[in-house]
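**Student:** Start from chain W and add chain B according to the hints.
Chain order of the listed sequences is W and B. All residue numbers for the first sequence refer to UniProt numbering, where the first residue is 1 and numbers rise by one. All residue numbers for the second sequence refer to UniProt numbering, where the first residue is 1 and numbers rise by one.
Honestly, I wouldn't trust all of these hints.
[What the hints assert, rightly or not] A partial selection of chain B residues facing chain W, derived with a Cβ cut-off under 7 Å:
hint	residue
1	Val-112
2	Lys-119
3	His-253
[Said to hold, decoys possible] FRET-style restraints, in silico, Cβ to Cβ:
hint	chain 1	residue 1	chain 2	residue 2	range
4	B	Asp-126	W	Leu-158	19 to 25 Å
5	W	Glu-222	B	Asp-126	27 to 33 Å
6	B	Arg-249	W	Leu-243	37 to 43 Å
7	B	Glu-177	W	Ala-17	42 to 48 Å
8	W	Leu-243	B	Asp-244	38 to 44 Å
9	W	Leu-120	B	Leu-257	17 to 23 Å
10	W	Glu-222	B	Arg-208	24 to 30 Å
11	W	Asp-77	B	Glu-55	53 to 59 Å
12	B	Glu-177	W	Gly-104	42 to 48 Å
13	B	Lys-119	W	Asp-21	53 to 59 Å
14	W	Pro-262	B	Pro-53	25 to 31 Å
[Said to hold, decoys possible] One-sided excerpt, in silico: chain W residues whose CB lies under 7 Å from chain B:
hint	residue
15	Pro-150
16	Gly-223
17	Ala-251
18	His-253
These are calculated hints, taken from the structure and not from any lab test. All residues carry an ideal CB built from backbone N, CA and C; glycine is no exception.
Protein chains: 2
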Amino acid sequence: MTRVTAVQLAPVVGDLAGNADRALQALAAAVAAGAELVVLPELTTSGYVFESPEEAASLGLAPDDAVFARFAAAAGDAVVVVGFAETGDDGRLYNSAALLDASGVRAVYRKVHLWDREKLFFRPGDARPPVVETRLGRIAVMICFDMEFPEWPRIAALAGADLLAVPTNWPLVPVPEGERAPEVQIAIATARMNRMAIVCADRVGLERGVDWTGGTSIVSAEGALVAAVGPTAGTASADLDLLDSRDKRQAEHVDLLGDRRPDLYGPLVGGA
Amino acid sequence: MTRVTAVQLAPVVGDLAGNADRALQALAAAVAAGAELVVLPELTTSGYVFESPEEAASLGLAPDDAVFARFAAAAGDAVVVVGFAETGDDGRLYNSAALLDASGVRAVYRKVHLWDREKLFFRPGDARPPVVETRLGRIAVMICFDMEFPEWPRIAALAGADLLAVPTNWPLVPVPEGERAPEVQIAIATARMNRMAIVCADRVGLERGVDWTGGTSIVSAEGALVAAVGPTAGTASADLDLLDSRDKRQAEHVDLLGDRRPDLYGPLVGGA
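The following block holds chain W by itself, in its conformation from the complex (with noise of 0.2 Å):
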């Protein structure tokens, strides 16, 4: 079993050198309860809402920044995956996520699906989510609004990924009472159609106007939704056995992943 935690944080938009003190306090915490996983939202780093492109280029971060061996320092024995504003090498910014362990940043993730204002700040990522073997299983990363698009957590999927960690800042929007969001409602869907977890780490913390859903979720591959926040700061956590993701029969003669049409789905999805 893997002991997987999910830190609910509220970054303060430019302050980075708080933002990043909270987020290794939180991660230490973290690891210090025997988390073996833990994941931290989008954007932890700098904040989400920009006034201004300016703004958002001087929260920026290169993955060789000294924060990150911070966060290498403070993972222990534990994978670690964290939401930044990235500043590329060819001098843009990206809304990435880097997966780290005690030797360092092993692979960074740009958001390749930016949700609404997003796409007057940074540009697109043109890579598919990486999927990190680690000591505990193969880890896939994306963030936020790519997993509502189901082309992404698939390709995951088909890659093998055990568990796809998704730094999330969710924009709290009305839903009825008893309900979940919708964004936990699909976490949840696609957990299931994939069997593959799924560990959502959201954000809180008023922010220019801006309120946040607090929905850090942790979900089995069976699509079971196991640990969650709630509305405030905090952390879920949850023991998943990561081999679970490995056997797709659903049934007898089911294979969630044998069982697609590749045949069929070629030209629409793939190519147009």
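**Tutor:** Same frame as chain W, now just chain B:
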């Protein structure tokens, strides 16, 4: 607005005449109550739990069978989608659904993603879900497990479907108290990700030891469950504005289909 009704029946395996009579009675009642689109379950005419390929084959109907003229006569001004065991012109048996109106059968879809033991009785289809221009809008048809392959509803949405009609037979699975059946959760997420209304017509009635979810559900293009039946025979009805499905903008700079990145989905989802 379009008045949509999903009919939850209890077919009896082997009782072709009785199943047709009960379905026609339910269809006539729905039309009399104002339904403009009526969706009936998977394998309405044959039942589901076959003992042998021979038994299943004996329950096949050709799309020009006289029973469909009776459905057309009962349709009035409504569009009807109904599941049946189809004897193809190749002599093989398919798990199919017909879309018909007063003019007769307009499209037949053969289930592509067969579930579990269905593989022992049916040949899978090899064509995409039809998207039929009707006076109500563009209606797509697929069957039960098809919906759980996210490529398949996506193809229907990309082909312009306003509403996805899904005849189903959902075997009952254990669900934690207060949770919806996983298939219903998938319908909700699928509607939301594609901004496409979905109508699932499920069945009830213990059949050779198999019980059913009774999960008949009408889901709006926004992903709201707007009508359901519960675990007995009955109907669910709702008024849907099918034009809602044509505006894929979720926010000022968001287009749920336009924001796709087919340049990145190609090979993995499409070709392998």
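**Student:** Now tell me if each hint is right for this structure.
**Tutor:** Against the structure, the hints come out as follows:
Here the hint on Val-112 (chain B) is kept, as its CB sits about 6 Å from the closest CB of chain W, short of 7 Å. Interface restraint check: Lys-119 (chain B) against chain W, minimum CB-CB distance 5 Å, threshold 7 Å, status holds. At about 5 Å, the closest approach between the beta carbon of His-253 (chain B) and any beta carbon in chain W falls short of 7 Å, and the interface hint on this residue holds. Distance hint check: the CB atoms of Asp-126 (chain B) and Leu-158 (chain W) are about 21 Å apart, consistent with the given range 19 to 25 Å.
For the pair Glu-222 (chain W) and Asp-126 (chain B), the beta carbons lie near 31 Å from each other, so the given range of 27 to 33 Å is met. Taken as a hint, the range 37 to 43 Å holds for the pair Arg-249 (chain B) and Leu-243 (chain W), whose Cβ atoms sit roughly 41 Å apart. A hinted range of 42 to 48 Å for the beta carbons of Glu-177 (chain B) and Ala-17 (chain W) is consistent with their spacing of about 46 Å. The beta-carbon spacing between Leu-243 (chain W) and Asp-244 (chain B), approximately 42 Å, falls within the hinted interval of 38 to 44 Å.
Leu-120 (chain W) and Leu-257 (chain B) have their C-beta atoms about 21 Å apart, which keeps the hinted 17 to 23 Å range intact. Taking the beta carbon of each, Glu-222 (chain W) and Arg-208 (chain B) are about 26 Å apart, inside 24 to 30 Å as hinted. Separated by about 58 Å at the C-beta atoms, Asp-77 (chain W) and Glu-55 (chain B) satisfy the suggested range of 53 to 59 Å. Distance hint for Glu-177 (chain B) and Gly-104 (chain W): a CB-CB separation of about 45 Å, consistent with the stated range 42 to 48 Å.
Between Lys-119 (chain B) and Asp-21 (chain W) the Cβ separation comes to about 57 Å, which falls inside the hinted range of 53 to 59 Å. Checking the proposed 25 to 31 Å range against Pro-262 (chain W) and Pro-53 (chain B) shows it holds: the Cβ atoms sit about 27 Å from each other. Taking 7 Å as the C-beta cut-off, the interface hint given for Pro-150 (chain W) holds, the closest approach to chain B being about 3 Å. Taking 7 Å as the C-beta contact cut-off toward chain B, the hint placing Gly-223 (chain W) at the interface holds, the least distance being around 6 Å.
For Ala-251 (chain W), the suggested interface contact is upheld, since its CB lies about 4 Å from the closest CB of chain B, less than 7 Å. Because the closest C-beta pair between His-253 (chain W) and chain B is about 5 Å apart, less than 7 Å, the hint holds.
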